[in-house]
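With the hints as constraints, model all of the structure from the sequences given.
Residues per chain, in single letters:
There are 2 protein chains.
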Amino acid sequence: MQIIESILQMQEISNKWDRGKKIGFVPTMGYFHQGHLSLVAEANRQCDTTVVSIFVNPSQFGPNEDFTSYPRDLQRDLELLKKYRVDYVFHPSPQQIYPEPYRTWVNVEGLSSILCGASRPGHFRGVATIILKLTNLIKPNLMFMGEKDFQQVTVLKTMLKDLNCNTRIVSCPIVREDDGLAMSSRNIYLNPEQRKQALCLYQTIKESQTLYKQGLKDVSLLKNRAKEIIESSGGKIDYISFVDSNSLQEPTVADEDTRIMLAVYIGKTRLIDNALLKA
Amino acid sequence: MQIIESILQMQEISNKWDRGKKIGFVPTMGYFHQGHLSLVAEANRQCDTTVVSIFVNPSQFGPNEDFTSYPRDLQRDLELLKKYRVDYVFHPSPQQIYPEPYRTWVNVEGLSSILCGASRPGHFRGVATIILKLTNLIKPNLMFMGEKDFQQVTVLKTMLKDLNCNTRIVSCPIVREDDGLAMSSRNIYLNPEQRKQALCLYQTIKESQTLYKQGLKDVSLLKNRAKEIIESSGGKIDYISFVDSNSLQEPTVADEDTRIMLAVYIGKTRLIDNALLKA
Numbered sequence: 034m035q036i037i038e039s040i041l042q043m044q045e046i047s048n049k050w051d052r053g054k055k056i057g058f059v060p061t062m063g064y065f066h067q068g069h070l071s072l073v074a075e076a077n078r079q080c081d082t083t084v085v086s087i088f089v090n091p092s093q094f095g096p097n098e099d100f101t102s103y104p105r106d107l108q109r110d111l112e113l114l115k116k117y118r119v120d121y122v123f124h125p126s127p128q129q130i131y132p133e134p135y136r137t138w139v140n141v142e143g144l145s146s147i148l149c150g151a152s153r154p155g156h157f158r159g160v161a162t163i164i165l166k167l168t169n170l171i172k173p174n175l176m177f178m179g180e181k182d183f184q185q186v187t188v189l190k191t192m193l194k195d196l197n198c199n200t201r202i203v204s205c206p207i208v209r210e211d212d213g214l215a216m217s218s219r220n221i222y223l224n225p226e227q228r229k230q231a232l233c234l235y236q237t238i239k240e241s242q243t244l245y246k247q248g249l250k251d252v253s254l255l256k257n258r259a260k261e262i263i264e265s266s267g268g269k270i271d272y273i274s275f276v277d278s279n280s281l282q283e284p285t286v287a288d289e290d291t292r293i294m295l296a297v298y299i300g301k302t303r304l305i306d307n308a309l310l311k312a
Numbered sequence: 034m035q036i037i038e039s040i041l042q043m044q045e046i047s048n049k050w051d052r053g054k055k056i057g058f059v060p061t062m063g064y065f066h067q068g069h070l071s072l073v074a075e076a077n078r079q080c081d082t083t084v085v086s087i088f089v090n091p092s093q094f095g096p097n098e099d100f101t102s103y104p105r106d107l108q109r110d111l112e113l114l115k116k117y118r119v120d121y122v123f124h125p126s127p128q129q130i131y132p133e134p135y136r137t138w139v140n141v142e143g144l145s146s147i148l149c150g151a152s153r154p155g156h157f158r159g160v161a162t163i164i165l166k167l168t169n170l171i172k173p174n175l176m177f178m179g180e181k182d183f184q185q186v187t188v189l190k191t192m193l194k195d196l197n198c199n200t201r202i203v204s205c206p207i208v209r210e211d212d213g214l215a216m217s218s219r220n221i222y223l224n225p226e227q228r229k230q231a232l233c234l235y236q237t238i239k240e241s242q243t244l245y246k247q248g249l250k251d252v253s254l255l256k257n258r259a260k261e262i263i264e265s266s267g268g269k270i271d272y273i274s275f276v277d278s279n280s281l282q283e284p285t286v287a288d289e290d291t292r293i294m295l296a297v298y299i300g301k302t303r304l305i306d307n308a309l310l311k312a
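Protein sequences appear in the order of chains A and B.
Here the numbering used here is used: the first sequence runs in plain steps of one and ends on residue 312.
Here the numbering used here is used: the second sequence runs in plain steps of one and ends on residue 312.
Bear in mind the hints are in silico, worked out from the structure with no lab data behind them.
Just so you know, nobody snuck in bad clues.
Okay, derived cross-link-like pairs now, DSS-like style, lysine-lysine, Cα gap no bigger than 27 Å in a straight line:
| hint | chain 1 | residue 1 | chain 2 | residue 2 |
| --- | --- | --- | --- | --- |
| 1 | A | K246 | A | K311 |
| 2 | A | K190 | B | K190 |
| 3 | A | K55 | B | K172 |
| 4 | B | K194 | A | K172 |
| 5 | A | K172 | A | K54 |
| 6 | A | K54 | A | K115 |
Label pairs and their in silico Cβ distance ranges:
| hint | chain 1 | residue 1 | chain 2 | residue 2 | range |
| --- | --- | --- | --- | --- | --- |
| 7 | A | E45 | B | E98 | 36 to 44 Å |
| 8 | B | I36 | A | R258 | 58 to 66 Å |
| 9 | B | P134 | A | S102 | 34 to 42 Å |
| 10 | B | K311 | A | R105 | 44 to 52 Å |
| 11 | A | R105 | B | I270 | 49 to 57 Å |
| 12 | A | S265 | B | Q129 | 46 to 54 Å |
| 13 | A | D288 | B | I36 | 41 to 49 Å |
By construction, the Cβ of each residue, glycine as well, lies at the ideal position given by its N, Cα and C atoms.
Set out below in structure tokens:
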């Protein structure tokens, strides 16, 4: 496992990738949980070479968001990666990634301004730009991303297709704690009481799936019930949306492609989760 | 010389480029003049393989601009290319380049909203996006562009550097008619009288260079004199600017990096030209 901190060195390596080999890339912001590690395992399964990047990307955080407090622990992350076949860990500095004056930004219109994009203006611009840069630096065949950030995966698939990039995204299932809470680096912000409250996201998903299975397809009724569960547990709703998995547009009647998308504040911590209604 | 109309076919070819060979790319909108052909000749000199693209890019034209009337003559262009060593001509359809729903755009902030960007909102967004797409499809080592579009070259050099692309731009000198008019596909819009008026751009450049050589460094005085020449010849000024060749910012006192930038309407035809003051 080679740790690379220089973008020049990364480019030298990726310019010489053996074309007969499949290169897998797992972009991360570090502070690994089983969700991240499941992506590394999947890259190992599908690819000959695995590259993991660890970079807390400043440009995807808003001015009042948690960039400085976002959890970081490089040594722990590297230790966790030892159980996998990771060929390269790319860990550049923000100064190398965004040298002054940095001017170029990628925007995926329509998909970036709804849901999480409505609450976090500029977030997906930052995500799209960093992923395009990392894709150019690493030149992977496959990129592995978790479905917890479902909108992110949709935005990035669209970007790679629109810009004629050679990289394809493999999206992998959400990994959950035993009680159902979706794993997230931000879960460490929760105190014990909030940790219990945080279950309301998964409860809402399960209840919505049950109602759908029982024949309830009216999106406004599904949304009312979801709202009740979140609010009765003390969560503050950022959004509850039922969307088409491809377009991210909200239908009035749910079908087998409809996905429940949730963003909820538990205390000051914003958590997201999502699932197909047709479980 | 192989003509390629399919982006899939172009990708298949570029995915197999021999890494020991230098790939040169000349992006054009066709309707060749000696300026274009000088770029092809330079690509031939510096590279092993030369790819020329011919694509009138709709996204860089404003709603009231000349996209539909922009001159096109593919057969004549292909005939002209026969005098050079052109391995591939890439000529995709707009539908292939911008399949519906197309959503992803690249913006080079700061540099895109001044000069031509101020008169043509969205122009450089369209230019940056198409060049990034073509770069991804063709994967050249070197891209050859004319300095007549000096701002475009600056925007694109910035984009390729910011996005960590492997392609480097080689900018080539402006090619002029015998009387000094910078070659442009849009020169065919000029009637004989306008063709004479159009010389005012070159005359302004020459006069500014002479004044600079004589010791006049005050940008506002240089600008006043340039304005007089254009207006007395019947041209309508879009902008006259004296800018630093790297930042495109206007200094108050000219130096050896200062460049005169002109955009002038001759009748309904908008012409641009530029040159270093230090000729």
